[in-house]
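Chemist: All chains should be modelled from the sequences, with the hints used to inform the complete structure.
Chains as they are written, first to last, in our numbering: chain A, 1 to 560; chain B, 1001 to 1160.
Please note that the accuracy of each hint is not assured.
[As the list claims (entries may be wrong)] With a straight-line Cα cutoff of 20 Å, these simulated SDA-like cross-link-like pairs (lysine to any residue) come out:
hint	chain 1	residue 1	chain 2	residue 2
1	A	Lys-182	B	Gln-1011
2	A	Lys-309	B	Arg-1061
3	A	Lys-134	B	Pro-1069
4	A	Lys-134	B	Gln-1011
5	A	Lys-147	B	Pro-1069
6	A	Lys-309	B	Thr-1025
7	A	Lys-309	B	Arg-1066
8	A	Lys-309	B	Arg-1027
9	A	Lys-185	B	Arg-1027
10	A	Lys-147	B	Arg-1066
11	A	Lys-185	B	Thr-1025
12	A	Lys-147	B	Ala-1065
13	A	Lys-182	B	Arg-1066
14	A	Lys-185	B	Pro-1069
15	A	Lys-309	B	Ala-1067
Hints listed in this document are in silico derivations from the structure and should not be mistaken for laboratory results.
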Amino acid sequence: MVEMTGAKALFEALKAEGVKDIFGIPGGAIIPVYDALYDETDIHHILTRHEQAAAHAADGYARATGRPGVCFTTSGPGATNLTTGILNAYMDSSPVVAISGQMPNSVLGSDAFQEADMLSIMLPITKHNFIIRKVVDLPAIIRLAFKTATTGRPGPVHIDLPKDVQVSKADLKIPAEVNYQKVIKLDPNPEDIRKAVKMLVDAEQPVIYAGGGVIISSASAEVVTLAELLGAPVVTSLMGKGVIPEDHPLALGMLGMHGRMAANIAVSECDVLLGVGVRFSDRATGDVRHFASRAKIIHIDIDQVELGKNVRVDLPIVGDAKRALAEIIKGLKLQVKHGRTSAWLQKVKKMREELAPRMDYDEVPIKPQRVIKEIMSVLNDDAIIVTEVGQCQMWAAHFYVVKKPRHFISSGGLGTMGFGFPASMGVKVARPECDVVNIAGDGSFLMNSQELATVVENKINVVSCIFNNRYLGMVKQWQDLFYQKRRSGVYLGKVPDFVKLAEAYGAWGDRASRPSEIAPKLREALKCGKPAVLDIPIDPDEHVLPMVPSGGRLDEPILT
Amino acid sequence: MKTRMFSVLCQNVPGVMMRISRSFTRRQINLDSITVGIEPSGLARVILTFKADDRMAEFMRRILARAEPIIDVEVIDPERSIVREIALLKTKKLDEEQLWKVVQKVESAGGKILEDKGNVLIIELSGSHEHIENVVRELGPEILKEVARSGQVLISRETI
Ligand SMILES: Cc1cc2nc3c(=O)[nH]c(=O)nc-3n(C[C@H](O)[C@H](O)[C@H](O)COP(=O)(O)OP(=O)(O)OC[C@H]3O[C@@H](n4cnc5c(N)ncnc54)[C@H](O)[C@@H]3O)c2cc1C
Ligand SMILES: Cc1ncc(C[n+]2csc(CCOP(=O)(O)OP(=O)(O)O)c2C)c(N)n1
Ligand SMILES: [Mg+2]
Chain A
1 MVEMTGAKAL
11 FEALKAEGVK
21 DIFGIPGGAI
31 IPVYDALYDE
41 TDIHHILTRH
51 EQAAAHAADG
61 YARATGRPGV
71 CFTTSGPGAT
81 NLTTGILNAY
91 MDSSPVVAIS
101 GQMPNSVLGS
111 DAFQEADMLS
121 IMLPITKHNF
131 IIRKVVDLPA
141 IIRLAFKTAT
151 TGRPGPVHID
161 LPKDVQVSKA
171 DLKIPAEVNY
181 QKVIKLDPNP
191 EDIRKAVKML
201 VDAEQPVIYA
211 GGGVIISSAS
221 AEVVTLAELL
231 GAPVVTSLMG
241 KGVIPEDHPL
251 ALGMLGMHGR
261 MAANIAVSEC
271 DVLLGVGVRF
281 SDRATGDVRH
291 FASRAKIIHI
301 DIDQVELGKN
311 VRVDLPIVGD
321 AKRALAEIIK
331 GLKLQVKHGR
341 TSAWLQKVKK
351 MREELAPRMD
361 YDEVPIKPQR
371 VIKEIMSVLN
381 DDAIIVTEVG
391 QCQMWAAHFY
401 VVKKPRHFIS
411 SGGLGTMGFG
421 FPASMGVKVA
431 RPECDVVNIA
441 GDGSFLMNSQ
451 ELATVVENKI
461 NVVSCIFNNR
471 YLGMVKQWQD
481 LFYQKRRSGV
491 YLGKVPDFVK
501 LAEAYGAWGD
511 RASRPSEIAP
521 KLREALKCGK
531 PAVLDIPIDP
541 DEHVLPMVPS
551 GGRLDEPILT
Chain B
1001 MKTRMFSVLC
1011 QNVPGVMMRI
1021 SRSFTRRQIN
1031 LDSITVGIEP
1041 SGLARVILTF
1051 KADDRMAEFM
1061 RRILARAEPI
1071 IDVEVIDPER
1081 SIVREIALLK
1091 TKKLDEEQLW
1101 KVVQKVESAG
1111 GKILEDKGNV
1121 LIIELSGSHE
1131 HIENVVRELG
1141 PEILKEVARS
1151 GQVLISRETI
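Modeler: This is the structure in structure tokens:
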């Protein structure tokens, strides 16, 4: 036991958790914590320009590493500014630990200055949240928060920290063990595994549908092994991009609303679908009545709530993806010969080749498909792609060939415009050795462009490629397709000049107006030693196609 | 739709009731009754009744079981438990004939008259939810001024 303040104990607990980087903005209710930060030499604080960006940066940090990202805010508006970022992390099962200052215990409930009822506000949008009432509880609660964020299905945790708790002193000790009481079932039932093996052995047209849970579980290698052993193609959700190298002969890419044709056809025709670490989201399944309607469905998920939630499942398996897949592989090795060749594999191979999307457009204004092709030609396999939301995101999802897990980072469940840029900042802080490129829409970029100040001041050299169509393009696409081209409230006008905007912050800025300019300018952006913005005017009329309309069937997409 | 009963064991921490009730609100389910008691262990036991089909009931069980402060969710089979509710009833000012009728009714329903001040009665009644419903309905708004009900509490008949 050592006598210390709550603020000091907070840092001792954070260091015990291995925290090195924190994103945040101070204010009156958290000054004591920032005062203690002043003495911390091993903690690197990055002052963002908006708390939402701090949350997204912590989220990006978490997704790139699997370790929790941390952010700080003051009470009231600082804390409420976090909410979009926290919900975004919640929807995508990302471990973020957010700590907000709060008014002192003595005035809580009196509408004191900058008092917001954060326990209630954060409650429905976090995996769990706390208010620390007494300084003696602080060390255990901080450790419990980290444990909660990272155990089982990960998710964000918010801690409300009243100012009196930050300054009061007590004899405190950071507990070595966390008293975490929830029981998480990691090991699948052997009987279920036997059934799964049997179903997979008997399958003639098996498909593996892998998602974010595989990345969380670090089970990519198992997915690839299983696919090869079974001769089963792999489709992924948006969140599963990178689970299997997408140039692997069995990788069919993303399925769903904006998925690849081959992936959607494979799912529609398969006779056994093994869903692993996926939540059968409506964007992935389309009309559930017709989703994999010829198939028996096996679903492996660590969270019981997901099993049978959206689609009927023939064999639900509760457990960790890595462990369950390893057990299935063990069982299968006894039964199937490696590299089975079948009519199904021939068909998969054929679809993969014949339905590969076209990217080699030479037009000016530039076609977005071509932009993705050029970006791919410049970046190596270690580069991390982060996306904003909208058409830009779906072009990246549909066309970009991702080779590794945690190398494609996107706001999936919430679809938060303004996520990509601050998230890319978090990714770069976590993985400074990798090139980090934000594939951005012009509308999305403006939702957090103030972070140009943060990246420039902190020398966080990320590159944003702006797919500049001067529109809220994805909304325009829906209006074009489903609202008789009545483009309402979607034109963004002629400003800003993104090159000048970048330069105003001291970042590198340039524009690529012809296809041949993209690669050399992107190389320059990556080498310039500064954060960079590459403005790429694209064809404003281009749609993301094919597209399965909302609630439509995967095998009935709009093609033109 | 069937009436469901869950007995939820949870940590007695700030926000736990809100966590439970909002997970129902979000799925458009009304809680018919919610009661809380603190167990000898210091944990809270929350008893919930609501209406849902089988699929939704199972979904809600899993949603609750997932919540961090919840330790256990028991699906209650009323057949294998003793379920009781208490009601306190206050009447309007009654005339002699009404008074006579109410006293008889209370007696036959196994209730107790706690007070009688100037022909206004306060009655205590306990029993199953349906039993209390019936009595309250029979007496009706002509007679009753106020009804306070405890919500349902239960204890399992299992001996281990
Ligand atoms: C404009 C737009 C368009 C979109 N279009 C598409 C589309 O066409 N196709 C598409 O797929 N998505 C699309 N999305 C994304 C979609 O909304 C969902 O976010 C996504 O499909 C969910 O991915 P997932 O199923 O992998 O689940 P995630 O949200 O990644 O959830 C992970 C799942 O894995 C489980 N899990 C976690 N840890 C483990 C573990 N250790 N072991 C086992 N299981 C674990 C979790 O419980 C959860 O069920 C789109 C989003 C936007 C914004
Ligand atoms: C914060 C937020 N507001 C609104 C939306 C609705 N929305 C989805 S995509 C989109 C357009 C995105 O425009 P832009 O970033 O320019 O990308 P584009 O679709 O043009 O590529 C909008 C407004 C959203 N997803 N997030
Ligand atoms: Mg746009």
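Chemist: Hints first: check each against the structure and report whether it holds.
Modeler: So, going through the hints one by one against the coordinates:
Restraint check: the Cα-Cα separation between Lys-182(A) and Gln-1011(B) comes to about 11 Å, which is no more than 20 Å; the hinted pair holds. A C-alpha spacing of about 13 Å is found between Lys-309(A) and Arg-1061(B), which places the hinted pair at or below 20 Å, so the restraint holds. Distance restraint check for Lys-134(A) and Pro-1069(B): the Cα-Cα separation of roughly 19 Å lies within the 20 Å cut-off, and the hinted pair is therefore satisfied. Between Lys-134(A) and Gln-1011(B), the direct Cα distance comes to roughly 17 Å. Compliance with the 20 Å bound is thereby established for this hinted pair.
For the hint linking Lys-147(A) to Pro-1069(B), the alpha-carbon distance of about 14 Å falls within 20 Å, and the restraint holds. At roughly 18 Å between alpha-carbon atoms, Lys-309(A) and Thr-1025(B) fall within 20 Å of each other, so this suggested pair holds. Restraint check for Lys-309(A) and Arg-1066(B): the C-alpha separation of about 14 Å stays at or below 20 Å, so the hint holds. Under the criterion of a C-alpha separation no larger than 20 Å, the hint pairing Lys-309(A) with Arg-1027(B) is consistent with the structure, at around 13 Å.
The straight-line distance between the Cα atoms of Lys-185(A) and Arg-1027(B) is roughly 26 Å, outside the 20 Å bound, and the hint therefore fails. For the proposed pair Lys-147(A) and Arg-1066(B), the alpha carbon gap of about 15 Å is at most 20 Å, so the pair holds. For the hint pairing Lys-185(A) with Thr-1025(B), the CA-to-CA distance comes to about 28 Å; that exceeds 20 Å, so the pair is violated. A threshold of 20 Å between alpha carbons decides the hint, and for Lys-147(A) with Ala-1065(B) the separation of about 18 Å falls inside it, so the pair holds.
Among the hinted pairs, Lys-182(A) with Arg-1066(B) is consistent with the structure: their alpha-carbon atoms are about 9 Å apart, no more than 20 Å. Proximity of Lys-185(A) to Pro-1069(B) is assessed by CA-CA distance (about 17 Å); at most 20 Å being required, the pair is judged to hold. Taken as a hint, the Lys-309(A) and Ala-1067(B) pair is honoured in the structure, with Cα atoms around 17 Å apart against an allowance of 20 Å.
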